[in-house]
Structure formats: structure tokens, C-alpha cells
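Chemist: Residue numbers for the sequence shown follow the working numbering, so the first one is 10 and each next one is one higher.
Quick caveat, the hints were computed from the structure, so don't treat them as lab data. Mixed in with the good hints, there may be bad ones.
Unchecked claim - If you anchor each label on the Cβ, the simulated ranges turn out as follows:
| # | residue 1 | residue 2 | range |
| --- | --- | --- | --- |
| 1 | H39 | V121 | 17 to 25 Å |
| 2 | W170 | E139 | 45 to 53 Å |
| 3 | N28 | Y103 | 35 to 43 Å |
| 4 | M107 | L181 | 32 to 40 Å |
For glycine and all other residues, C-beta sits at the position ideal for the given N, C-alpha and C.
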Amino acid sequence: MDIVGGLLIAGALAAWVPNWFWQSFFLVDHPTIAKLWGPIIGPLVAVISFVCSVGNIPLAAVLWNGGISFGGVIAFIFADLIVLPVLNIYRKYYGLTMAGFLFATFYAAMAVAALIVEGLFWVFGLVPLERDARMVEASITWNYTTWLNIAFLVLSACLVWRFLRTGGPDMLCMMNKSPAVEQAH
């Protein structure tokens, strides 16, 4: 459900939010400032729009096409540790003060790490120059991946069959009982 939600949100933002908004929001006209702004704003966009760690990848592609810096995309993807559901868990487990401290620490670590990654990629010439990330429509093709999937499906079926034929369910039931019950028998 989270992946579907991520795809729907990414598609809606790509279709309904005009490109000029993204470009002004990510300060595309000021390249130096944009490189610093991207890692700062990327995690905050992730906190607001979080779906899941896989569902946010299509949204990262939309943000990249919209003009966020490479470091901003990296920070956006790193932001799995500070999304609202996880922040709520931190609050319940550690308390409000410690949750705030964790948020600030993780946020700073993401922004700095994203700046470092962008710098390293820039030094080695690995930052993509084109902003044309596309979400390709999935289709079934008969390639090596299909054959590997079939082979491992057969292997999995054989392992399940062996598990059932050799008393696997009984063993699991026995493992679920406490030792005191076993000693009584």
C-alpha cells in the first residue's frame, strides 16, 4: 500500500504542481545557493510527504526533475529516519525532548552527509547533467530475471514441500510451547 501511495503522490505532484513552482522552490536560478538549499529542504519535504522508503523513490525522481540539487535528492532519500511515523515512535519511546534531539541530530547528519556525497560525486564527475528521470512502465519480458524468478519459485516450492513432509509444522508447534509443558509429558 505504501508503494502504491508513493506512486500516486509522485504522479499527482508531477501532474498537478507546475515545474516553475519546483524551480523557484529549489532556487534553480542560484546554483550555489541551490546546492546548499537542497540538502536542507530535502529532508523536510520527505517528512511532509513520507510514504515509505521505496515509495519515496518515484517522488525523488519528481523532485529531481523539478530542480532539486543532487544532494537534496540524497538527503530526501536519507530522511527515512525522521518521517512522522518514526518520529512518533521516538516520542513514545524516548519522550518529547529526546525525540526532538534525535530529529535535530538525524536531520543535521542527513544534510551534511548529502553535501559530502554531492561534493564527492561532483569531484568524480558523477552528478547527472540531465534532469530527465522517468518512471518506466513495467512489463513482463522473458529475460534472465524472469528465468531466475521461475527457478527460485520452483526451489521455494520444493523447500516448502520438504518442510511439510518432514514434520515441520509439528516442530514449529513444539517450539512454541514453554519448556515446562514439555517436561510434564
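Chemist: It remains to establish, for every hint, whether it holds in the given structure.
Modeler: We went through each hint and held it up to the structure:
{"no.": "1", "hint": "H39 x V121: 17 to 25 Å", "result": "21 Å, holds"}
{"no.": "2", "hint": "W170 x E139: 45 to 53 Å", "result": "50 Å, holds"}
{"no.": "3", "hint": "N28 x Y103: 35 to 43 Å", "result": "41 Å, holds"}
{"no.": "4", "hint": "M107 x L181: 32 to 40 Å", "result": "39 Å, holds"}
When the structure is compared with the earlier hints, no violation turns up for any of them.
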